[in-house]
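The two chains are supplied separately, each in an independent frame; assemble them into the complex guided by the hints.
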Amino acid sequence: MKMTDIMPPGLALKKVDERIMTLNVGPQHPGSGHMRIVVQIDGDYIVACDPDPGYVHRGEEKMAEYRNYITNVPHLERPVIHDSCNVLYPYVLGAEEILGIEVPERAKYVRVICSELNRCIYTMYWLAIYGIFLGHSTMFMWPAGDRELLIDLMEKVSGARVTHAHFIPGGVRNDLPANFEDVCLRQVNYFEKRIKEYAAVFYDNPILISRTQDTGVLSRENAIRYGTTGSVLRASGVDYDLRVKAPYDVYDELDVHTNVMKEGDSYARSKVPWLDMMESCNIIRQALQKMPKSGSVRTKLKPNPKTKGPATVYKRVESGRGSLGCYIVSDGKTEPYRVKMSVPSFRNLLAMPNLLIGEKLGNMPSVYWSLNYWPVEADR
Amino acid sequence: MGTATGIIRALNSGIKHIAIKRFTLRYPEEKLKFVGDGYQFDPSTGVGIAGLKGRHMLFHDHCTGCQLCSIACEGVAEAIAMVKVPEEQKQNKKSIMPQIDYGKCVFCGLCVDACPFYALYMTNDYELSSFTKEGLIYTPAQLAVKPYLTQDSEIQITDRGATHG
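Chains G and X are the protein sequences, given in the same order.
In case it helps, the working numbering puts the first sequence at residues 1 to 380.
In case it helps, the working numbering puts the second sequence at residues 381 to 545.
Extracted from the complex, chain X is given alone in its bound form (with noise of 0.2 Å):
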């Protein structure tokens, strides 16, 4: 094959995507779906629950306050710290709880793996930042709250290239 030849077939290559669908993500006006309402763990089974590994929930009436968590994040990022709750949302006899830095946090998903109480997962929500540090711990209460999400892009793969739709 010629020089000329292999030039002209590169660029005939690349023009060729002109009649192709864009592929990029409009991000904040589209956002991805993931499976399922984020990585969860089954203590009887011992085997996770596919799903995003996003920011935390924290289930009140399930939490014993064993530390267990915390324990777990000792090794890979110490976000974890066990604090004392508000009389009036105490539910657990020690009254602590875990609060999450993150800053710190690697988003392995360990913690969750290591509750035997089904009180710890993690959801799909994934958009965290702030303007402060402080703005990153996030307290026992505000881990409780269902996040709101918008999420309902997909990649969809049609004869004219794949697109995310």
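Next up, chain G with everything else stripped away, as it sits in the complex (with noise of 0.2 Å):
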């Protein structure tokens, strides 16, 4: 089934000429990531779009139903490996409710400290390949060199440069190394300054604005029918943001603010991630200052944890992308019998036949990327 006929009516697409050429873009493709966007282009105009996901299919989901709860841990995060706190996320809260975990104070900081971090090394990595998308090859060195600092961060806490696998039901699996805050606080400062720097190379550079301003504008109304989430939702007006409307852990003690612009094109859509950059360095700011400073971090499990009979959870998070949510099933067997992913990323992915009509092929790349789309994780 094409994704054209699943469109809501009124939208669906059709062959508008016989002149009319079909391109496929991908999916090896450097500038589609690992998916393949079939347009169908008039000149230079694109007349129709088939995004088609599913080249990188892993079956996670059904991994899950053969491993118990904590060896679900590393394969679960492999879909977003470079936001592989958050991905895990959900799994781990739904995991602790129906095995009936308590989490001790101090882990739950230390779970949002490394979301956040999580979601700045995220937001590089994306904006790095944005910059490249559009020819700007600074924009390329710049985010790549300065997420190192948040790497070598996570590093220190978790001991991996990106596949963490740092938390787990009942916690986290380490505490913070000694003298973590300072390092933390120098280097997220510094961080915080270099992102700063960005506003005069790339964000107000005018080439930019006339390559991206009112490129596939997504209005705030048709933003809600497709179901898109995280900063594309937010780029069009809608303040949403499950941080601060649905807080899980201890997002509710942390004072969140949201970055909402309203204009809905691709420039906006590449700036809100930027700002939510500065605003997780102020919620990574607060999280050290109000953290318990002694405590434990883990609740001690038996070898294999079940549920006391049948069991269902859905938690949601929001993540670099946007809300992802985690649906458990339990039968009361060592394994969960059903774990499903919500990912944001195919959501976001069910706007882009319709913002790309009309645009001239040139801007596809800027379009597409700014739909903050991972193929990895819609494929999972």
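Everything labelled a hint here was simulated from the structure, so no lab data went into it.
Any given hint could turn out to be false.
[To be verified] No farther apart than 30 Å at their CA atoms in a straight line, the calculated lysine-lysine pairs in the DSS-like style are these:
#	chain 1	residue 1	chain 2	residue 2
1	X	K474	X	K526
2	X	K474	G	K300
3	X	K513	X	K484
4	X	K484	G	K300
5	G	K196	X	K413
6	G	K340	X	K484
7	G	K333	X	K484
[Stated by the list, open to error] Covered by chain G, per the in silico footprint, the following chain X stretches (three or more residues, Cβ under 8 Å):
#	segment
8	448-456
9	474-481
10	485-491
We put the CB at the ideal spot given by N, CA and C, even for glycine.
Laid out in structure tokens, this is it:
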């Protein structure tokens, strides 16, 4: 089934003319990621677009049915390895609820810090690719380099650069290393100073503005209708952030500010994640201040934890791309009966076919990547 | 702001970086310093100790051959196999010890969490490349060797930018 077949009525796309040419962008094209975009062009203008995800499907949800609640942790973070704390977060919250595990207070703060650091790591990677998509190679080098500051912090905490496997039902795997607060504060402050410099070179750059402003405009109504989440929804003027609307862990004790832009074009969608990174720096500073200075970070579990009888749970968190949900069904065994991930990437992709119609082919990368889409997460 | 001013500001912002120190880590000559001696786990409290998740280190005098590390790895990477150790190295009753295939290992450290006898830890050694697949399989004798490491570079933040010093 084509994705265009399941579009809301009145928005279905149809063939316009016989002189239309069909182009396959991807799945191994640097401008598409691991997915194929079938575009039909009339001259230089796109008249139809059919995204074809599924190239990197690896059955994470099925794999989760054969592993217990602890050994599910390393493979469930694989869909988005550079946002691995956030992609694991809803699963861990859900598993804790159905297994009936209490989490120590300090562990919750450590999780918030790791989650925010990971959000910045993800967004920097995304921004680097966005820069190189638009031919701005400075914007590839700078975020890729400055991301190292935060990767270094996560490496100190979890012991791995990208695939942390740090969150676990019952808390986090290990406590923060000694003297971490000072190092974290110093590097996060410098990081914030650095990302503010991106304004002059990228966001206020007239070349970027002329390429991204008024391209791929997603109105407020359509953004809600397609079910987009995260930065895409906030760039269209909807103030929706799960950290504020449905706080999990200790987000209700922290002062979280959401960044909303009204334009809904590629420029707004590329700017909102950048503003979110500065907000993440604020949250990290708050969490470091409010965190209990000592205490346990992990509840001791039995080797093969299982639920008391059948249970279901749905938990969602705000990841780097938007709201990410996890639905766990248990039938009382040591393995979950079903794990379903509701991923933001796929939701944001649903908006793409209608954004691209009428755009020039050269604008396709800027619209496509501004949707904050990660192919591997959509395929799972 | 006009187009010309915007472009000049963008160029100026880049030119400033001529005076800023280089952030790049010159890898084989310089190596990053990590906290601690690698990821460890304390079974009495059930909490790990922060450190890099690198190559494992096996303490032969503590290992009882209980296979818990191998069972923990089953759902993750299936990298750990229990093998017979020669009679002269024999430390436990069953005379079996873990052998780790680093072609499969994902360095999650769940095997370290599973060990109740303080026998399996991780070290700061991450340079494990080999010309053959067999070279990636570390026997219990190889795992017992403490790695020789020269890692001393850390991120330093000054007024002229961050650098690996």
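Results of checking the hints against the structure:
Between K474/X and K526/X the CA atoms are separated by roughly 24 Å; this keeps the pair inside 30 Å, and the hint holds. For the hint pairing K474/X with K300/G, the CA-to-CA distance comes to about 29 Å; that is within 30 Å, so the pair holds. A distance of roughly 10 Å separates the Cα atoms of K513/X and K484/X; the hinted pair therefore holds under the 30 Å criterion. Distance restraint check for K484/X and K300/G: the Cα-Cα separation of roughly 28 Å lies within the 30 Å cut-off, and the hinted pair is therefore satisfied.
With a C-alpha separation of about 28 Å, the suggested pair K196/G and K413/X falls inside the 30 Å cut-off, and the hint holds. A distance of roughly 26 Å separates the Cα atoms of K340/G and K484/X; the hinted pair therefore holds under the 30 Å criterion. With a C-alpha separation of about 28 Å, the suggested pair K333/G and K484/X falls inside the 30 Å cut-off, and the hint holds. A stretch counts as covered by a chain when three or more of its residues have a beta carbon under 8 Å from one of that chain; for the segment 448-456 of chain X and chain G the count is 4, and the coverage holds.
For a cut-off of 8 Å, the count of residues in the segment 474-481 of chain X with a CB near a CB of chain G stands at 0, and the three-residue condition is violated. With 5 residues carrying a beta carbon less than 8 Å from a beta carbon of chain G, the segment 485-491 of chain X meets the three-residue requirement, and the given coverage holds.
Going through the hint list in order, the structure does not satisfy hint 9, though it satisfies all others.
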